[in-house]
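Enquirer: Using the sequences plus the hints, can you model the full thing?
Protein chains in written order, with our numbering: chain A, 286 to 531; chain B, 12 to 119.
Since the hints were made in silico from the structure, they are not lab data.
What you were told as hints is all true, and nothing was included just to trick you.
Interface residues of chain B toward chain A, partial, derived using beta-carbon atoms under 8 Å: (1) Met31; (2) Arg50; (3) Ala57; (4) Ser58; (5) Val59.
Footprint (simulated), chain B over chain A, 3 or more residues, beta carbon under 8 Å: (6) 391-402; (7) 504-510.
These numbers were taken from a predicted model, which means no experiment stands behind them.
Where is the CB? At the ideal position from N, CA and C, for every residue including glycine.
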Amino acid sequence: MPYQSGREAFMQGVRALIPLSPGVVPFGLLTGVMAINMGMSPGTTMGMTLLFYSGSAQMVALQLLHTGVVPLAIVVTALVINLRFIMYSASLAPHLHHLPRRWTWPLSYMLSDQSYALCSLKLSSGELGQFAHHYYAGTASAMWLSWQLSVLAGIYLGASIPETWSLSFAIPLSFLALLVPGIRSAASLAAASAGGLIAVLAVNMPYNLGLITASIGGVMAGLLIESVRKRPLSDALTHDVERETP
Amino acid sequence: MSDLALWGVFLAAGLGTFAMRLSFVELYGRLRIPSVLSRALLYVPASVLAALVLPAVVYPNGQGEFVLNNPQIPAAIIAAWVAWQTRNTVLTLAVGMGGLWLFRFFGV
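Expert: Encoded structure:
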């Protein structure tokens, strides 16, 4: 349905994001809590949150700071985690590139998994009409605000959580919560298994190279399984059927 | 790490992330992703996240030494199962942390 005004489209975007916030707020709280527990000041934590505006990359950076990895490796790893934004950017570009920079720069900065997921299909179908970018801006600003506020709340919560709770284990757990539902095919399972195993074996490589090696290995395993499964798919299917019939 | 290095890391990661988000919007029509790369990008999250989770669970001290008496391993397995069944972040965190405290308490 096309919207009558930019304001209406913006508010609809905000409303569309609200149901997603229960998945966002706990992760933001945890990010704030973790940063404070690692001895970071509230100002530094908010500075990091504003500059990154990316929960998983920020968690990864915190985890690597915690284990004492060299700065360059932290930057590289955070950027690798965020490579997906290049794909999002490519997919939104046809709908946003005609806008002036005072629109495109803030909208690009606020690009997130959530607002991309909400808008990509609607933008390409054209159903949003001439105020489509207002709708996207609504989802993106609502997401940005809920993220910043939940990290800020986590900062004030963090000071009251004792060390003995071993809360640092919550970081790998939160990655697990992101990872497991994302495994939807044999190829992504292969990517995850190879990535995880190589990382465990290569943990003593210097400069955090183990993580980079493992990531590349995992991606290659994913591509390999994808191409193996694609070609002889019909063969494999008939074989399975034959084996299952007694 | 010194404060200066810390802010250097934040600034570099932040600007790099912004550049990736802006890339195609800014350079529309002048930039194309090769198809192999866009297929490869699909597997980056699974691969990187697994590469972060497994060592953090298996080596609790962060030094790459394997510890036999490690309550993180059973806790992570249960949390992974919960994540698989429910796809719920909060529940995964709660069960994982609860499992860790429980296994540590009983000295698993």
